[in-house]
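Please construct the entire structure, taking both the sequences and the accompanying hints into account.
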Amino acid sequence: ELKVEQNPLFLSMQEGKNYTIYCNYSTTSDRLYWYRQDPGKSLESLFVLLSNGAVKQEGRLMASLDTKARLSTLHITAAVHDLSATYFCAGMNTGNQFYFGTGTSLTVIP
Amino acid sequence: DSGVTQTPKHLITATGQRVTLRCSPRSGDLSVYWYQQSLDQGLQFLIHYYNGEERAKGNILERFSAQQFPDLHSELNLSSLELGDSALYFCASSVDPSGRITDTQYFGPGTRLTVL
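Sequence lines, in order, name chains A and B. Note that our numbering numbers the first sequence so that position 101 is 101, with each residue one more than the last. Note that our numbering numbers the second sequence so that position 22 is 22, with each residue one more than the last.
In case anyone wonders, no lab produced these hints; they're calculated from the structure. Quick caveat, the model's predicted, so the values are computed rather than measured. Wrong hints could be hidden among the right ones.
[Claimed, not checked] Listed next, the stretches of chain A that the computed footprint assigns to chain B, with coverage defined by at least 3 CB atoms under 8 Å from CB atoms of chain B:
| no. | stretch |
| --- | --- |
| 1 | 42 to 49 |
| 2 | 91 to 102 |
[Claimed, not checked] Label-pair ranges, simulated between beta-carbon atoms:
| no. | chain 1 | residue 1 | chain 2 | residue 2 | range |
| --- | --- | --- | --- | --- | --- |
| 3 | A | Lys56 | B | Asn51 | 21 to 31 Å |
| 4 | B | Arg112 | A | Glu5 | 25 to 35 Å |
| 5 | B | Leu116 | A | Leu9 | 25 to 35 Å |
[To be verified] Cut-off 25 Å, straight-line C-alpha distance, at most; resulting in silico cross-link-like pairs (SDA-like, lysine to any residue):
| no. | chain 1 | residue 1 | chain 2 | residue 2 |
| --- | --- | --- | --- | --- |
| 6 | A | Lys3 | B | Gly58 |
| 7 | A | Lys41 | B | Ser27 |
| 8 | A | Lys41 | B | Gln37 |
| 9 | B | Lys9 | A | Ala85 |
| 10 | A | Lys56 | A | Thr20 |
| 11 | A | Lys56 | B | Pro97 |
| 12 | A | Lys3 | B | Lys57 |
| 13 | B | Lys57 | A | Thr94 |
| 14 | B | Lys57 | B | Asn77 |
| 15 | B | Lys9 | A | Arg36 |
| 16 | A | Lys56 | B | Asp96 |
| 17 | A | Lys3 | B | Ala56 |
| 18 | B | Lys57 | A | Asn24 |
| 19 | A | Lys41 | A | Gly59 |
| 20 | B | Lys9 | A | Ser45 |
| 21 | A | Lys3 | A | Leu50 |
| 22 | B | Lys57 | A | Val48 |
| 23 | A | Lys56 | A | Arg36 |
| 24 | A | Lys17 | A | Leu83 |
| 25 | B | Lys57 | B | Leu30 |
| 26 | B | Lys9 | B | Ser38 |
| 27 | A | Lys3 | B | Arg55 |
| 28 | B | Lys57 | A | Ser26 |
| 29 | A | Lys3 | B | Ser38 |
| 30 | A | Lys17 | A | Thr73 |
| 31 | A | Lys41 | A | His75 |
| 32 | A | Lys56 | B | Asp1 |
| 33 | B | Lys9 | B | Leu88 |
| 34 | B | Lys57 | A | Leu2 |
| 35 | A | Lys56 | A | Ala85 |
| 36 | A | Lys68 | A | Thr27 |
| 37 | B | Lys9 | B | Gln37 |
Backbone N, C-alpha and C fix where the C-beta goes; we use that ideal spot for every residue, glycine too.
As structure tokens, this is what we get:
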């Protein structure tokens, strides 16, 4: 079974600051996904990372994948309040099964 | 609005009962995925269907079953319900024209199941 660990679990950051959420996984993962969930809402796909060295950016969020280190990062640049949400990463094993991290609850403070 | 619809939005039932959750994917999307989210277990992948065929099965209990119909909508059947089955159930869809899971998933609003 693919184990996915996210850290930190909780993150409180000031507007305008940068921070990184880390997603480690235990065995080979074919690809890595990042999602966002607002309180009481459904999930929203952010990024799909398909290969080693993949980097994707959307607005103030940038995700990267290092398959050798079994690590993906979600970097937040100059945080704004609208980014407050819970962020999940998920790995997919060779059997096409998804395994989710526990989520990082991000609060951006004005 | 993701374009994925799920019904019902809320469902309250008793232990031992059976329920059916329905998901209509975005127009043209061939893949449907089901997920469960609970405080105890977090987010769990249940099952993936592609164009009517089961492609991957995750932590889905034997009491649960799913199918995808020719019109590509999907149903998740939960039987012999237990208190621990109370959760949010999400479905998602994606195009995946080649059958490989490479595309963005679009999530429905979810069905909140409460088992009393």
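Hint check:
no.: 1; hint: 42 to 49; verdict: holds (count 5)
no.: 2; hint: 91 to 102; verdict: holds (count 8)
no.: 3; hint: Lys56(A) to Asn51(B): 21 to 31 Å; verdict: holds, 27 Å
no.: 4; hint: Arg112(B) to Glu5(A): 25 to 35 Å; verdict: holds, 28 Å
no.: 5; hint: Leu116(B) to Leu9(A): 25 to 35 Å; verdict: holds, 30 Å
no.: 6; hint: Lys3(A) to Gly58(B); verdict: holds, 13 Å
no.: 7; hint: Lys41(A) to Ser27(B); verdict: holds, 22 Å
no.: 8; hint: Lys41(A) to Gln37(B); verdict: holds, 12 Å
no.: 9; hint: Lys9(B) to Ala85(A); verdict: holds, 22 Å
no.: 10; hint: Lys56(A) to Thr20(A); verdict: holds, 14 Å
no.: 11; hint: Lys56(A) to Pro97(B); verdict: holds, 22 Å
no.: 12; hint: Lys3(A) to Lys57(B); verdict: holds, 17 Å
no.: 13; hint: Lys57(B) to Thr94(A); verdict: holds, 12 Å
no.: 14; hint: Lys57(B) to Asn77(B); verdict: holds, 14 Å
no.: 15; hint: Lys9(B) to Arg36(A); verdict: holds, 20 Å
no.: 16; hint: Lys56(A) to Asp96(B); verdict: holds, 19 Å
no.: 17; hint: Lys3(A) to Ala56(B); verdict: holds, 17 Å
no.: 18; hint: Lys57(B) to Asn24(A); verdict: holds, 23 Å
no.: 19; hint: Lys41(A) to Gly59(A); verdict: holds, 21 Å
no.: 20; hint: Lys9(B) to Ser45(A); verdict: holds, 21 Å
no.: 21; hint: Lys3(A) to Leu50(A); verdict: holds, 18 Å
no.: 22; hint: Lys57(B) to Val48(A); verdict: holds, 20 Å
no.: 23; hint: Lys56(A) to Arg36(A); verdict: holds, 15 Å
no.: 24; hint: Lys17(A) to Leu83(A); verdict: holds, 12 Å
no.: 25; hint: Lys57(B) to Leu30(B); verdict: holds, 17 Å
no.: 26; hint: Lys9(B) to Ser38(B); verdict: holds, 16 Å
no.: 27; hint: Lys3(A) to Arg55(B); verdict: holds, 21 Å
no.: 28; hint: Lys57(B) to Ser26(A); verdict: holds, 20 Å
no.: 29; hint: Lys3(A) to Ser38(B); verdict: holds, 18 Å
no.: 30; hint: Lys17(A) to Thr73(A); verdict: holds, 16 Å
no.: 31; hint: Lys41(A) to His75(A); verdict: holds, 23 Å
no.: 32; hint: Lys56(A) to Asp1(B); verdict: holds, 23 Å
no.: 33; hint: Lys9(B) to Leu88(B); verdict: holds, 10 Å
no.: 34; hint: Lys57(B) to Leu2(A); verdict: holds, 14 Å
no.: 35; hint: Lys56(A) to Ala85(A); verdict: holds, 19 Å
no.: 36; hint: Lys68(A) to Thr27(A); verdict: holds, 10 Å
no.: 37; hint: Lys9(B) to Gln37(B); verdict: holds, 14 Å
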